Amino acid sequence: MSGMTQPTKVIGFLDFFGKWDPTLAFVIAGAVGVHAFGYWFMKKRSKPFFTQFFQLPTVQSIDAKLVIGSVLFGVGWGLSGYCPGPAFASLVGFNGGVYVFVGFMLLGMFIESKLGRKK
Amino acid sequence: MNPEWTYAVLGGVLIGLAASILLIAIGRICGISGIVWGIIKPTAGDTAWRWSFLIGLIVGALFFSFKFSKAFSVESPVSIVWLAVAGLLVGFGTRLGGGCTSGHGVCGISRLSSRSIAATGIFISSGALTVYVLRHILGVMS
Numbered sequence: 001m002s003g004m005t006q007p008t009k010v011i012g013f014l015d016f017f018g019k020w021d022p023t024l025a026f027v028i029a030g031a032v033g034v035h036a037f038g039y040w041f042m043k044k045r046s047k048p049f050f051t052q053f054f055q056l057p058t059v060q061s062i063d064a065k066l067v068i069g070s071v072l073f074g075v076g077w078g079l080s081g082y083c084p085g086p087a088f089a090s091l092v093g094f095n096g097g098v099y100v101f102v103g104f105m106l107l108g109m110f111i112e113s114k115l116g117r118k119k
Numbered sequence: 120m121n122p123e124w125t126y127a128v129l130g131g132v133l134i135g136l137a138a139s140i141l142l143i144a145i146g147r148i149c150g151i152s153g154i155v156w157g158i159i160k161p162t163a164g165d166t167a168w169r170w171s172f173l174i175g176l177i178v179g180a181l182f183f184s185f186k187f188s189k190a191f192s193v194e195s196p197v198s199i200v201w202l203a204v205a206g207l208l209v210g211f212g213t214r215l216g217g218g219c220t221s222g223h224g225v226c227g228i229s230r231l232s233s234r235s236i237a238a239t240g241i242f243i244s245s246g247a248l249t250v251y252v253l254r255h256i257l258g259v260m261s
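Just so you know, the sequences run in chain order U and L. In this text, residue positions in the first sequence follow my numbering: the first is 1, and each later residue adds one. In this text, residue positions in the second sequence follow my numbering: the first is 120, and each later residue adds one.
Hints are computed from structural coordinates only; laboratory data are not their basis. As the structure is a prediction and not an experimental result, all values here were calculated from the model. Cβ atoms here follow ideal geometry from the backbone N, Cα and C, with glycine treated the same way. The reader is advised that the hints may include incorrect statements.
[Unchecked claim] Covered by chain U, per the in silico footprint, the following chain L stretches (three or more residues, Cβ under 8 angstroms):
| hint | segment |
| --- | --- |
| 1 | 160–167 |
| 2 | 195–206 |
| 3 | 212–222 |
| 4 | 225–235 |
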């Protein structure tokens, strides 16, 4: 519904220097707005409804891994117009390209974990 | 307002709602790359919710596609080889950077995490630069 499963819309959003398509900015605004409320509600509770505790990220630092990882992710996102969530959703469209994308995405995750362990 | 934008806001609201339910119900951050990684590299007792979420995501898309068949069949404007390269970069980058558009972009920004705000600024910038180079300098992307 948001348009995020259409690579052309995503690339249009990233095309700031051409014919910019702001659609995805509305998706982000809608999602962040609702989730900010969800987070506010969460903070009022001591634990989740069905589990014992909240598991939020504890790392705060903006380190090299975050920066390099995000740069690489952005390049792949701009190249293809897919990020992980919409790519999985798009598997139902039976369009060959997205299967290749998801396959290589899983491979990329796997390679990162192998390299990460050596460090 | 452009009707596409209305759908975009509604779609975003649903994404935010889904992430909020996950947070309030079981206390987990709704980051797709992390959820998927926990399935590939499982920790005992920490996979059921991941499978449920991922299957729900795909089944939801399937139901939506019955009504709007075009939503998921739009092909990427780049060739298979580029899609493979992009997939590798997205997989590698999201693990190294600890998140993607959902975990950093939606959940992180709304928690006002400086890490996530930085990550989102970076991946939108590098994505924009990639599109700029491919479309406007090299002219290889339609």
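Now the hints, each set against the structure:
1. 160–167: violated (count 1)
2. 195–206: That given contact holds, which follows from 10 residues of the segment 195–206 of chain L lying within Cβ reach (below 8 angstroms) of chain U.
3. 212–222: holds (count 9)
4. 225–235: Our answer is that it holds, as 9 residues pass the Cβ test (under 8 angstroms) against chain U, meeting three.
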